[in-house]
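Asker: Per numbering that gives the first Met the number 0, the very first residue in the sequence shown carries number 0; after that it's consecutive.
There could be a bad hint or two in this list.
Said to hold, decoys possible - 25 Å max Cα-Cα, derived SDA-like pairs, lysine to any residue:
1) Lys113 to Val183
2) Lys124 to Asn235
3) Lys44 to Leu440
4) Lys113 to Trp184
Stated by the list, open to error - Here are the computed distance ranges between Cβ atoms for each label pair:
5) Trp67 to Gly356: 26 to 32 Å
6) Thr389 to Ala325: 44 to 50 Å
7) Leu70 to Arg387: 14 to 20 Å
8) Val166 to Phe68: 53 to 59 Å
9) Glu159 to His330: 32 to 38 Å
Think of the hints as simulated: they come from the structure by calculation, not from any bench.
Idealized CB from N, CA, C, for every residue including glycine.
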Amino acid sequence: MPENSWYENDSYNELEPISSLTSDLSELDDINSYFYRGLAGRRRKAAVALTVIWSGTIALHLFSWGYWFILGLTALIGLHCLRLLLVRPQPTPVPLTETDPEKLPFVSLLVAAKNEEAVVTSLVKMLCNLDYPASRYELWVIDDNSSDRTPILLDRLADEYAQLRVVHRAADAGGGKSGALNEVWARAQGEIIAVFDADAKVPQDLLRRVLPLFDRQQVGAVQVRKAVAQAELEGNPNASNFWVRGQVAEMALDTFFQEQRNALGGIGELRGNGQFVRRAALERCGGWNEETITDDLDLTLRLHLDRWDIECLTFPAVIEEGVTHAVGLWHQRSRWAEGGYQRYLDYWRLIARNRLGTRKSLDLFVFLTTQYIMPTAAVPDLMMAIARNTSPMLTPITSLTLALSFLGMFLGLRRIQIGQPKRSRDRQGRSLRLTALLQSLLGIVYMLHWIPIIVMTTARLSIRPKRLKWVKTVHHGTDEAWLDASNP
């Protein structure tokens, strides 16, 4: 399978759709080659980036002005984040109340399912019974060559629900989840394309709450807040699990900053499960990238490069299963880190040319620095500090990042608590502020896993040839009596 390698011509038209700038294909000389040319290109770019980050960090220790440079960078990042904290988030639009089906947008719901017998039946029943006219939406479930009972269950459900379309992919079909989505979205009828994971649980009025966000024509996509199923279920034994509680704080942090970044004209991001994309935007971007392991993060950057905005909806939430053990979390987050890093390697030329615009470029720089560059630079910084018997040079930025993460978690959790129904708040019994405070402290400890993951990922991408692997997260299913705590 050839790779969609990045088109590295120096000339481009600002008005061209992003798909025309990323459509150059590199042919394989040998179909059995160990890795694609494009992946080798990523490796070279990653090696250059790693060399620059390490050598630059070492140089900062050797020059007297190094510490002042770090203080200046910390001040720049701090100023941007202060603006993020102070900006007022955009109000949530009123849900659709229109009852005439002909006046409602047509929506196509897409689910790529591989070995999902534990959850696929409840998912289909839930999505086929939404509070939205059945004639104005359809559900496509792509069975990606499952080896369990998923195909059988889907065929039975297709006889029961008229709006369900089932597609069975062949064993040699490639592209992972992106390939499955690409096989279907062009055939779907929807003006809006929604993507869900097989373990998703959604409230009945989700479409009526999401669709008003598309009234602004510049909005190319909307990401719905994600919540952890184990934390939403009454009496679930995993509700107090450290990794589950950490993911709750992490998702609150992510949603909070997404809302604030959108309000400041920055970059909103897609998170896979619960993403809604305008068909026109998807067409201009050329669909999902089959040569990345995080289709949502890749599509995020291509949408912004094509001058679309991505909104975030906090209420209601899409509920999904969280990871309950360290090994599973490591594998999942390593995949996210690698896919997130890949997109910067693939599209760096357009980013450098400020195709995003000044506001989004600054926002991207701040979060690229704190999420990827600083963790990567932590190793040479610590080595030089030990060798020279001095303090780590990056201490100011590290301290600022931890402080902002804690504050973002606390404010994000409080925003979610305040938005919950009064009955849900009353059930908690304890002080909500104290609950959010303790959860945020736990979340900071939990988030430290990101540092070794980034260090390992950036190093691996730089030195190790690697074929793309689409790793499936195993879903076990949860009790059907899930709490609809996301509804205001």
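Asker: Take a look at whether the Cβ-Cβ distance between Thr389 and Ala325 falls inside 44 to 50 Å.
Answerer: violated (33 Å)
Asker: Next pair to validate is Lys124 with Asn235; report whether the Cα-Cα distance is within 25 Å.
Answerer: holds (23 Å)
Asker: Is the distance from the Cβ of Val166 to the Cβ of Phe68 consistent with 53 to 59 Å?
Answerer: holds (54 Å)
Asker: CA of Lys44 to CA of Leu440, is that 25 Å or under?
Answerer: violated (37 Å)
Asker: Has the hinted range 26 to 32 Å been met by the Cβ atoms of Trp67 and Gly356?
Answerer: Since Trp67 and Gly356 have Cβ atoms about 30 Å apart, the given range 26 to 32 Å holds.
Asker: In this structure, is the beta-carbon distance linking Leu70 and Arg387 contained in 14 to 20 Å?
Answerer: holds (18 Å)
Asker: Does the alpha-carbon distance linking Lys113 and Val183 stay inside the 25 Å limit?
Answerer: Answer holds: Lys113 to Val183 is near 15 Å, not above 25 Å.
Asker: Assess, step by step, whether the Cα of Lys113 is no farther than 25 Å from the Cα of Trp184, and give holds or violated.
Answerer: This hinted pair holds, its Cα atoms lying about 18 Å apart.
Asker: For the range 32 to 38 Å, tell me whether the beta carbons of Glu159 and His330 fit it or not.
Answerer: Taking Cβ atoms as reference, Glu159 and His330 lie about 36 Å apart, which means the hint holds.
Hint check: violations occur at hints 3 and 6; the rest are consistent with the structure.
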